[in-house]
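Residue numbers (the numbering used here), protein chains in the order written: chain P, 58 to 299; chain W, 20 to 314; chain Z, 65 to 169.
Hints may be right or wrong, so weigh each one.
[Stated by the list, open to error] Chain W stretches covered by chain P per the calculated footprint, using a threshold of three residues with CB under 8 Å from any CB of chain P:
id, segment
1, 51-57
2, 166-175
3, 199-213
Think of the hints as simulated: they come from the structure by calculation, not from any bench. For clarity, every value in this text was computed on a predicted model and none was experimentally measured. For each residue, glycine too, the CB sits at the ideal point set by N, CA and C.
Listed below are the residues making up each chain.
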Amino acid sequence: MTDNSRESIEKFLRSLFGEKYAVQFDDLLLSGEGTFDGTPVAILGTSSRAPIGVSLALALSRHVLDIMREHPKRSILLIVENSGQKIGLFDELMGNNGYVAHLSTCLDAARRRGHKIIGVVHDLAISAGFMATGMAASECYALNGAELRVMAPEAMSRIMRIPLERLNQLSKTNAILGPGAVNFERIGGIAGIWSDDVRGEFRKALSQPDEEDARRETGVQRGGRLFAARVARAVREGRRQL
Amino acid sequence: MTESYLETGARARIVGLLDRNSFAEFLGPTARVMSPHLPGLDMPAAFDDGIVVGEGTIDGRPVLIAAQEGGFMGGAIGEIHGAKLTGLLERALDVKPDAVLLLFDSGGVRLQEANAGLIAMGEIQRAVLATRHAGISVIGLIGGRNGCYGGTSIIARTCDWLIGSEEGRLSISGPEVIETIEGAEEFDSQDRALVWRTMGLKHRRLIGEIDRVVADDVTAFRDAAKDYLGRSRDLTLDALEAEQGFLTERLNRFHDCGDAREIWARLGINEPARVPDLDPEAFESIATTLAVQRP
Amino acid sequence: MESFEFFFPGRPGLTWRGDGKLVGVVGSGNLEVMIEPVQLKGECLVTISTSVTGYRETWKRVVADFVDRHTLSDIRVSINDAGATPAVVSLRLDQAVAEYLGGPL
Numbered sequence: 058m059t060d061n062s063r064e065s066i067e068k069f070l071r072s073l074f075g076e077k078y079a080v081q082f083d084d085l086l087l088s089g090e091g092t093f094d095g096t097p098v099a100i101l102g103t104s105s106r107a108p109i110g111v112s113l114a115l116a117l118s119r120h121v122l123d124i125m126r127e128h129p130k131r132s133i134l135l136i137v138e139n140s141g142q143k144i145g146l147f148d149e150l151m152g153n154n155g156y157v158a159h160l161s162t163c164l165d166a167a168r169r170r171g172h173k174i175i176g177v178v179h180d181l182a183i184s185a186g187f188m189a190t191g192m193a194a195s196e197c198y199a200l201n202g203a204e205l206r207v208m209a210p211e212a213m214s215r216i217m218r219i220p221l222e223r224l225n226q227l228s229k230t231n232a233i234l235g236p237g238a239v240n241f242e243r244i245g246g247i248a249g250i251w252s253d254d255v256r257g258e259f260r261k262a263l264s265q266p267d268e269e270d271a272r273r274e275t276g277v278q279r280g281g282r283l284f285a286a287r288v289a290r291a292v293r294e295g296r297r298q299l
Numbered sequence: 020m021t022e023s024y025l026e027t028g029a030r031a032r033i034v035g036l037l038d039r040n041s042f043a044e045f046l047g048p049t050a051r052v053m054s055p056h057l058p059g060l061d062m063p064a065a066f067d068d069g070i071v072v073g074e075g076t077i078d079g080r081p082v083l084i085a086a087q088e089g090g091f092m093g094g095a096i097g098e099i100h101g102a103k104l105t106g107l108l109e110r111a112l113d114v115k116p117d118a119v120l121l122l123f124d125s126g127g128v129r130l131q132e133a134n135a136g137l138i139a140m141g142e143i144q145r146a147v148l149a150t151r152h153a154g155i156s157v158i159g160l161i162g163g164r165n166g167c168y169g170g171t172s173i174i175a176r177t178c179d180w181l182i183g184s185e186e187g188r189l190s191i192s193g194p195e196v197i198e199t200i201e202g203a204e205e206f207d208s209q210d211r212a213l214v215w216r217t218m219g220l221k222h223r224r225l226i227g228e229i230d231r232v233v234a235d236d237v238t239a240f241r242d243a244a245k246d247y248l249g250r251s252r253d254l255t256l257d258a259l260e261a262e263q264g265f266l267t268e269r270l271n272r273f274h275d276c277g278d279a280r281e282i283w284a285r286l287g288i289n290e291p292a293r294v295p296d297l298d299p300e301a302f303e304s305i306a307t308t309l310a311v312q313r314p
Numbered sequence: 065m066e067s068f069e070f071f072f073p074g075r076p077g078l079t080w081r082g083d084g085k086l087v088g089v090v091g092s093g094n095l096e097v098m099i100e101p102v103q104l105k106g107e108c109l110v111t112i113s114t115s116v117t118g119y120r121e122t123w124k125r126v127v128a129d130f131v132d133r134h135t136l137s138d139i140r141v142s143i144n145d146a147g148a149t150p151a152v153v154s155l156r157l158d159q160a161v162a163e164y165l166g167g168p169l
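One chain only, chain P, in its complex shape (with noise of 0.2 Å):
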C-alpha cells in the first residue's frame, strides 16, 4: 500500500515538476522541493492515507515553519492524503486536537505570511484530516478519482438510523450529505477537481488571487449550499432578520 501510493505521488510530481523536482519520504510524510515556471515551489505533505496523529501533525508543523523562516513568501505545494485523525488511546491522551490545530495554525499563518499554499487531495481526505490540512491552504484542489467524504456511508447509516439506500437516494439531489469530490467542490469546499492537464491546472492555481475566504460564496455560485455565505453576512452586520 505504502509503495503505491508512494510511486502515485511521485508519478504525479514528476507530471507538475518534470525532472525538476526531489522528495523525501519519512515514513508517511513527504517533503521537498520542485521548480515550476522556473520557480521554487515547497513539496510537503502525507502519503498512504495517513492517519493524522500527534508525531505526524508535530512534524508536519515543523515544515511549515521551517519553510516560512528560511523561504519566505515561497508558494507551498500540499499533498493532501489522509484517512482522517488516528485513533486511539495515545493520541487520544496526548491531546491531538492541540496538535492538529497548530498545524492548521502553522499552515494559516504561512498563508497570511504570503506563501500561496495549493492543496492538492491524491487520492483520499477524510473529515479532521482534510481540516487540518487542505482547509487551511489558499485553494485546494482534488486530483481526478480522488475521494473526499466525512465518513463512510455505511457507518453514517448505522449511526443516523437512515437505509443506506435512503442515504444514496438522498445524496443526489443534496450535495451537503453523500461522499465524493464533486459533492466538496459543490459546496465550495474544494476549488475544484484537477483536469489530466496538471500542469495548467497548477499554473492556474498559483495565479489565484488572495481572498480571505472564498468558499461560501462559491458554495452559492455553484448551488451546492446556499444559505451559509447569506447567514453569515447577516451576523456579520448584526441583523436581528435574515
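Since chain P is already given, all that's left is putting chains W and Z on it; use the hints.
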C-alpha cells in the same frame, strides 16, 4: 446562588455570563433561520438551528458571544449553525470587541449535513485565526454534556484561551468511536473514570491544553472569562515556534505513558488517584504549580 | 414529520409585547415552544411541527386546554416537537407564558 453550567441551556448560559439586560441576539428564534436539510430526513429542526449568537457586555466591556445548544442534535454543527459562528467571528473584525466568547457544547459535525458541517469547521477555524491576528481575544468555554469533540475540539484549541469545568471534556475522537475501531481493550468507553481522566478538563489542564478549571457554576465561568478579556496569545513566528517546542517537549516527556495517572505522577502529583476528587479551587492551586505550562 | 395549524378564539387579558419568548429544546422526548405577538383580531394561532405522526387530535386537545387556561389573544404559538408527551407539552406551554410574565414557574 449557584447555577449549574452543565444543567442549563445555551441562552441561560449567555444571560448568566453577561451583564443584566445587555444581550442582543442576532438571527434569534423569531427569525426562523432553520436547517433546510433536516426536514428531508424527517427530523425536527430548531428555530435557531441550535446556536445562540449575539453581543453584550461583561462588566461594561463589549463582547461577542456564541453558545451551542447541546440539547439539539448533540450540539453538532450544520450549515446554518456553522455560518452563524463564522459570521460572528467576522463581525469581531468590524466592531473590535474586547473578546469573542465561544461556548462549546458539541459532538462535532452534524452527520445529517455532513459536508456542510465539515467545511464550516474549516471556515470557523480560519475566522478564529483572522480575529486573533487582528488582536481580538477569542475565549472558549467548555462544560456541557456533549463536551467538545471532533472538529469543534480543533476549533477550541485554535482559540487564545480555554476555560472549563471538570464535567467538560475536550478531545478529537469520542470514546465510542475509539472503542468501535480499536476495541474495548484499547479504550473501554463505558469506563467513565477512564474517559474523564483521558479527555476530561482536569487532565487537559494538567498537560497544558486548557488554561483554567472552574466550578460547574455559571458565575464561576463568568469570573474566569473576565480574566482573559482583551488578552491575546501571539501568533508571530516566534510564538508558533514556542508552541512547537511545547508540543514536542511534552510528547517526548510522556511518550511512554499509557494512562493519565502516569502522566500526573510524572508531573509530581503525590496522589494521582485523588485528582478527580479535588474541588476546583484545590485542583487549580496544584495545577498552578505542577501543570505543564503552555507558552 | 407532520405539521398542524390551529386557530382558537382568544380572550383578552395578557398582552404580548416585544419579541417572542422561547422555551424548551428540540431533543428526544422534548419540544421547543415560541410565543410571539401577532395581529389576528384577537385570535390565537398555534402551529406545530412534529416528528411523531398520527396525534393530530391529541395536539388539538392539549393546545385548546392551554389556551383555555390563560387569557391569551393576538398570539402565535410555534412548536417544534421531537416526541414529547402531552404532560411535557402542557408544561412547556405554561412555562412560555410564565417566562413572558417575568420569571420561571
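Going through the hints against the structure:
1. 51-57: holds (count 3)
2. 166-175: holds (count 6)
3. 199-213: Holds, because 4 residues of the segment 199-213 of chain W bring their Cβ atoms closer than 8 Å to Cβ atoms of chain P.
The structure fails none of the hints (numbered hints given earlier).
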